[in-house]
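There are 4 protein chains.
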Amino acid sequence: MGEKERDESQDANRIAVSRRGFLKAGAGLGAIAATGLALDLSKTDAEVAAPAQKPFPLKGYSLPLTPKGQSSIADAPPWHYGGDCLRLTFKADEKKVAALIPPPLEMGPNPGQGAVVFQEWVSVSEARPDLAFINPERAIYRECLVTLGCQYKGEPGNFVPYIWVDNDFTLARGFIQGYPKKLGRIYLTRLHELTPKIGGRQVGAKVKGICDVNAQRIIECSMTFTRPSEPSELPSARKSYLMRHFPSIEDPTRPVVHELTVPIVSNVKIKDVWGGDAQIKFFESPFEEVADLGPIEAQGAFFYSRGMTVSGGRVIHKYV
Amino acid sequence: MGEKERDESQDANRIAVSRRGFLKAGAGLGAIAATGLALDLSKTDAEVAAPAQKPFPLKGYSLPLTPKGQSSIADAPPWHYGGDCLRLTFKADEKKVAALIPPPLEMGPNPGQGAVVFQEWVSVSEARPDLAFINPERAIYRECLVTLGCQYKGEPGNFVPYIWVDNDFTLARGFIQGYPKKLGRIYLTRLHELTPKIGGRQVGAKVKGICDVNAQRIIECSMTFTRPSEPSELPSARKSYLMRHFPSIEDPTRPVVHELTVPIVSNVKIKDVWGGDAQIKFFESPFEEVADLGPIEAQGAFFYSRGMTVSGGRVIHKYV
Amino acid sequence: MGEKERDESQDANRIAVSRRGFLKAGAGLGAIAATGLALDLSKTDAEVAAPAQKPFPLKGYSLPLTPKGQSSIADAPPWHYGGDCLRLTFKADEKKVAALIPPPLEMGPNPGQGAVVFQEWVSVSEARPDLAFINPERAIYRECLVTLGCQYKGEPGNFVPYIWVDNDFTLARGFIQGYPKKLGRIYLTRLHELTPKIGGRQVGAKVKGICDVNAQRIIECSMTFTRPSEPSELPSARKSYLMRHFPSIEDPTRPVVHELTVPIVSNVKIKDVWGGDAQIKFFESPFEEVADLGPIEAQGAFFYSRGMTVSGGRVIHKYV
Amino acid sequence: MGEKERDESQDANRIAVSRRGFLKAGAGLGAIAATGLALDLSKTDAEVAAPAQKPFPLKGYSLPLTPKGQSSIADAPPWHYGGDCLRLTFKADEKKVAALIPPPLEMGPNPGQGAVVFQEWVSVSEARPDLAFINPERAIYRECLVTLGCQYKGEPGNFVPYIWVDNDFTLARGFIQGYPKKLGRIYLTRLHELTPKIGGRQVGAKVKGICDVNAQRIIECSMTFTRPSEPSELPSARKSYLMRHFPSIEDPTRPVVHELTVPIVSNVKIKDVWGGDAQIKFFESPFEEVADLGPIEAQGAFFYSRGMTVSGGRVIHKYV
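Protein chains in written order, with the working numbering: chain Y, 135 to 454; chain C, 135 to 454; chain X, 135 to 454; chain E, 135 to 454.
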């Protein structure tokens with residue numbers, strides 16, 4: 135077989151590897167495996183034959199790839215984050231939550247448990263920490279997400295079935311990590327201690343989060359501050375389980391990437407935590423399915439500031 | 135004279151008053167004045183004739199006027215504000231500054247002095263302090279403005295020739311107060327102490343402000359923090375001199391309102407002041423004239439938090 | 135009396151005129167009137183005394199006023215318009231419609247009759263017809279408005295109680311003409327004959343209009359095309375009655391401008407008219423009152439292209 | 135070896151296949167190959183062992199995957215498009231164009247040839263043709279792209295190094311097809327035959343396209359209509375060569391998908407073609423590299439309406 139399987143391959147769901155190379159080695163496969171050598175299945179015939187090939191001339195962590203490599207929609211991790219967060223916990227019908235959790239993830243130890251998060255982030259990449267200064271729009275965004283308690287091999291965590299953001303670099307990071315991000319208009323009350331009648335975080339302060347998608351309100355949450363709180367009270371110290379998925383352009387039924395990942399998070403800081411009463415509303419829509427989770431029982435809310443670094447992720451399960 | 139001057143009057147620049155009433159009283163005008171009675175020139179014939187008229191049925195501080203009176207684009211003052219501010223001072227050519235200052239305002243004691251301000255505000259009205267909670271978008275906005283030092287009858291202050299905002303209630307408040315607001319996209323670096331690589335206000339922190347109007351960058355400023363500072367160091371403790379102006383719909387050459395006002399400001403609080411180095415750029419545009427102020431010499435910058443209440447304004451000079 | 139009444143006048147609702155001048159002339163007021171001389175009440179003492187004053191150095195139809203006069207948020211009329219329109223007629227409870235119509239306007243010959251209009255406009259000013267070419271964003275906008283049938287002195291017309299737009303120059307034109315414009319996100323299906331599955335205007339085509347204000351859907355309308363139609367079938371060939379209103383900055387209860395106007399419209403062209411079935415929904419909101427018009431009975435819909443010129447307006451009634 | 139290589143695999147760039155299965159079969163690999171059996175390397179141990187597994191419960195062409203499968207950011211192709219297009223051709227320095235073209239694509243027969251396209255699209259998916267009616271925002275977008283002439287195995291075509299859009303479903307379709315889309319604000323003059331002073335497509339008409347990215351104008355083009363034209367005159371009847379690329383979340387240096395594709399386009403219609411003079415400007419930016427193509431020589435411009443269907447794509451070359 136020649137190079138043909140690398141060019142104009144019909145089945146995008148099968149990553150073509152050099153079968154020729156495999157078959158040549160076939161007889162000795164058992165022998166090779168026994169030596170403990172790592173089989174590198176990613177090299178092409180050409181690469182095997184001419185390892186000193188010219189490197190690919192265009193650079194970047196993500197598209198577009200360019201000569202300078204500075205146009206990528208998202209830079210490579212690590213990514214640094216800091217900002218204010220409104221987190222509201224809820225309990226939903228177990229069956230409805232289960233319907234959203236992809237096996238082999240399983241229902242969590244607290245069946246039906248979930249949360250809605252409204253977050254304002256300032257975020258830069260390790261590669262270009264000056265982003266927030268060179269062009270502020272490139273470093274600021276808001277997001278609204280739903281998380282559902284689950285577990286993997288007995289280890290509890292949160293799966294994210296729905297999430298909306300309002301900036302493109304974060305949308306792209308989402309595809310790359312496994313957050314199913316879409317664009318929405320996200321609003322979150324901004325408290326400021328110097329604004330008469332509003333003030334800062336204090337007993338009686340009220341915040342609201344609204345997520346509007348294509349001219350339709352989808353999620354609306356509110357919190358009334360009742361008490362100062364501690365980071366230890368926050369329910370969300372669990373790992374996230376995310377699902378990466380990238381469609382084929384040749385066969386719509388067979389994604390070329392479909393796997394579960396866990397983000398590598400470090401450097402987590404939490405500050406100024408307040409607890410309070412929560413209200414959560416999900417709205418019906420011909421396009422968004424988040425209202426199918428309802429009716430839900432809002433349990434409580436926290437408002438706090440947090441910072442962290444995400445250095446990448448680990449793949450824990452592959453579907454393809 | 136009959137009602138004719140009230141209906142279908144051709145000259146919109148003349149506020150029609152009941153001449154009939156005046157002329158009737160004409161002979162006794164001197165006498166009336168001598169008694170100290172306040173001449174109320176705003177009443178119509180109808181109102182004078184039938185003071186027990188039904189009140190106007192639609193309510194609101196500004197359009198639209200409605201039965202409930204809760205749809206106005208802007209509520210009545212007092213208006214409360216709180217937020218973070220980047221203020222950069224500059225010196226420009228005196229003649230260019232003078233060309234923008236409307237007489238009888240005069241050049242200030244520091245000829246050529248001006249400032250650019252980038253501000254993130256949280257703002258509510260006294261009438262509806264819950265705005266920020268009911269619908270956050272209605273209480274948050276950013277603005278970018280240019281101020282020029284001037285004086286009025288020997289009292290120094292700042293005139294505002296240019297200002298852009300990104301929300302409608304503040305645009306309307308602008309027309310009402312005398313800020314010549316237009317819509318723009320305003321960006322300001324957001325510092326956050328928990329964001330690795332960015333942090334909060336500290337020596338070495340950098341912020342940038344960008345004002346983009348109709349897909350064209352008009353103003354770009356930046357500040358590098360060099361030292362903590364005090365409210366007393368801020369150059370901007372002067373009053374603002376604003377120019378209200380409302381065109382006629384009948385005669386484009388004769389506005390029906392044209393006057394100078396001073397806002398009534400109270401309850402000013404300033405906190406967390408930092409000083410630093412400033413850079414200011416104005417960009418040419420076929421529509422915006424701010425670049426005509428240049429070239430300018432950026433002098434310094436301050437970043438701080440402030441809050442205040444605006445209760446209305448005083449008219450100090452009328453052109454019509 | 136001295137100049138005092140011109141400076142720092144307390145009552146913004148009363149247009150200060152030179153009382154001194156009036157009182158001086160007071161005794162002869164009757165005489166003056168009898169001569170037929172037009173009393174010009176807009177001149178200040180200064181202007182009367184020194185008619186050869188320097189002209190006001192800043193130019194523009196609306197703020198900001200500048201040396202070049204090219205920064206105004208809105209240019210002077212005439213204004214030219216062209217674009218596609220979705221117009222849906224409805225019948226509402228007469229009392230609810232009457233509650234929105236400002237006297238002396240009265241209920242129209244078809245009590246309870248109203249319409250919702252979704253419009254995409256391309257618009258330039260006579261002064262700068264190149265706007266659409268120099269900077270397209272400055273010449274394009276969408277609007278959504280509600281009109282209510284009424285009459286003035288027996289002449290039928292439409293009053294506009296509610297209207298949302300998505301660009302600033304049109305918001306300003308609204309304040310100036312008497313359209314109570316606020317900002318919203320307006321969406322209207324765009325038909326295109328070359329889009330497979332959608333096509334252009336034809337039997338069976340469907341269009342939807344959505345008006346979203348501050349992350350809340352306020353109005354939603356749809357039309358299914360059933361038949362080609364003629365301009366003569368359109369119900370909207372009536373004049374508009376608009377209400378100009380400009381608040382005082384000194385006294386929130388007494389606007390300085392409050393009057394009814396009629397826009398001067400010419401050069402109307404209508405083309406490609408289609409008729410069809412209509413659906414109209416108004417949604418409740420804590421801020422918008424349009425849903426108070428309901429429930430309504432949608433009667434019919436038209437989709438067409440139109441162009442026109444607005445040269446200004448005539449004031450037909452003054453409240454102050 | 136057990137299932138371990140499927141779970142927690144460290145090297146995301148290597149598609150894990152069931153080595154156990156391979157090794158079992160190892161001895162007979164040559165024999166298997168000789169029989170001509172297609173080796174399906176995508177099945178997991180579990181799938182091989184229990185082919186009657188429950189199907190994956192979440193549905194959708196792209197994330198998010200849900201029970202109903204109607205929340206995907208992008209539906210599966212076919213995708214239908216219709217709209218107006220401004221296409222300007224240019225000649226740039228050959229070396230600069232070559233620097234952007236990914237091997238094995240090569241410089242085209244017209245070295246240095248390229249184009250800028252501003253396009254307003256109405257687009258729906260075959261799966262949900264009613265999108266434009268249910269929620270207009272979901273079916274309308276504008277894009278601005280740069281294309282460069284190239285060839286692959288002697289067949290001329292256009293590579294797309296840069297492209298900006300203003301809606302999320304098209305951004306996602308871009309990642310899936312190989313268009314390196316990012317978000318921008320795209321403006322294009324809208325002609326309308328009924329707008330006085332502007333009119334429709336005619337000799338002398340002028341249109342401008344502006345692409346603004348993060349508050350910075352990146353591309354600005356204009357065309358003055360000089361003559362009616364024919365579809366046959368359009369230079370762009372060539373296929374597009376696109377580059378799909380999806381990063382790893384584990385190893386930033388090794389994308390899991392990197393391949394060249396050709397979109398499958400059908401049902402192309404072109405109408406109302408006009409030709410004219412062109413002007414193209416690229417602007418420098420700290421983030422966008424399009425200005426590195428310059429200086430360029432604008433050659434000509436066309437404005438026309440077009441429609442088409444994209445049914446997917448073919449992979450023609452794989453890098454990994």
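The hints are simulated quantities; they were obtained by calculation from the structure and are not laboratory data. Since we're looking at a predicted model, the values are computed, not measured. Ideal Cβ positions, reconstructed from N, Cα and C, are used throughout, including at glycine. Accuracy of the hints is not assured; some may be wrong.
Below 35 Å or equal to it, Euclidean Cα-Cα: the simulated DSBU-like pairs (lysine-lysine) are [as the list claims (entries may be wrong)]:
#1 K193(E) x K202(Y)
#2 K331(X) x K287(C)
#3 K202(Y) x K415(E)
#4 K415(E) x K340(C)
#5 K188(C) x K202(X)
#6 K193(C) x K331(Y)
#7 K202(Y) x K331(E)
#8 K403(X) x K188(E)
#9 K193(E) x K342(Y)
#10 K230(E) x K373(E)
#11 K342(X) x K188(C)
#12 K193(Y) x K331(E)
#13 K452(E) x K340(X)
#14 K452(X) x K202(C)
#15 K373(Y) x K193(E)
#16 K452(E) x K225(Y)
#17 K193(X) x K230(C)
#18 K403(X) x K452(E)
#19 K331(Y) x K230(C)
#20 K342(X) x K331(E)
#21 K188(X) x K202(C)
#22 K230(C) x K405(Y)
#23 K188(E) x K193(X)
#24 K225(C) x K225(X)
#25 K202(Y) x K188(C)
#26 K415(Y) x K403(E)
#27 K415(Y) x K225(X)
#28 K415(Y) x K193(X)
#29 K331(E) x K405(X)
#30 K405(E) x K415(E)
#31 K415(Y) x K405(X)
#32 K188(C) x K193(Y)
Residues from chain X that face chain Y, not an exhaustive set, calculated with beta carbons under 8 Å [unchecked claim]:
#33 Y321
#34 R324
#35 D346
#36 A349
#37 Q350
#38 R351
#39 I398
task = Mind checking the alpha carbons of K202(Y) and K188(C) for me, to see if they're no more than 35 Å apart?
result = violated, 73 Å
key: Given pair status - K202(C), K188(X), alpha carbons within 35 Å   = Not satisfied, since the Cα-Cα distance of roughly 47 Å exceeds 35 Å.
inquiry  = Given the hinted pair K342(X) and K188(C), is their Cα-Cα distance within 35 Å?
reply    = Outside the cut-off at roughly 41 Å; violated.
ask   = Taking 35 Å as the top limit, are the C-alpha atoms of K193(C) and K331(Y) close enough?
value = holds, 24 Å
request  = Would you check the hint for K202(Y) and K331(E), treating anything up to 35 Å between C-alpha atoms as holding?
outcome  = violated, 45 Å
inquiry  = Tell me if the straight-line CA distance from K230(C) to K405(Y) falls inside 35 Å.
reply    = violated, 49 Å
message = For a C-alpha distance cap of 35 Å, please report whether K405(E) and K415(E) respect it.
response = holds, 27 Å
Supplied contact hint for R351(X), tested at 8 Å Cβ to chain Y = Since chain Y brings a Cβ to about 6 Å from R351(X), closer than 8 Å, the hint holds.
query = Are A349(X) and chain Y close enough, Cβ to Cβ, to be under 8 Å, as the hint says?
reply = Interface hint status for A349(X): holds (4 Å vs cutoff 8 Å).
ask   = Between K415(Y) and K403(E), is the straight-line Cα distance small enough, at 35 Å or below?
value = violated, 46 Å
Interface hint outcome for Q350(X) [beta carbon to chain Y under 8 Å] = The hint holds - Q350(X) has a Cβ within 8 Å of chain Y, the shortest such distance being about 6 Å.
Given pair status - K225(X), K225(C), alpha carbons within 35 Å = Roughly 62 Å between the alpha carbons, so the hint for K225(C) and K225(X) is violated.
Comparing the model with each numbered hint stated earlier shows that hints 1, 2, 5, 7, 8, 11, 12, 13, 16, 18, 19, 21, 22, 23, 24, 25, 26, 28, 31, 32, 34, 39 do not hold.
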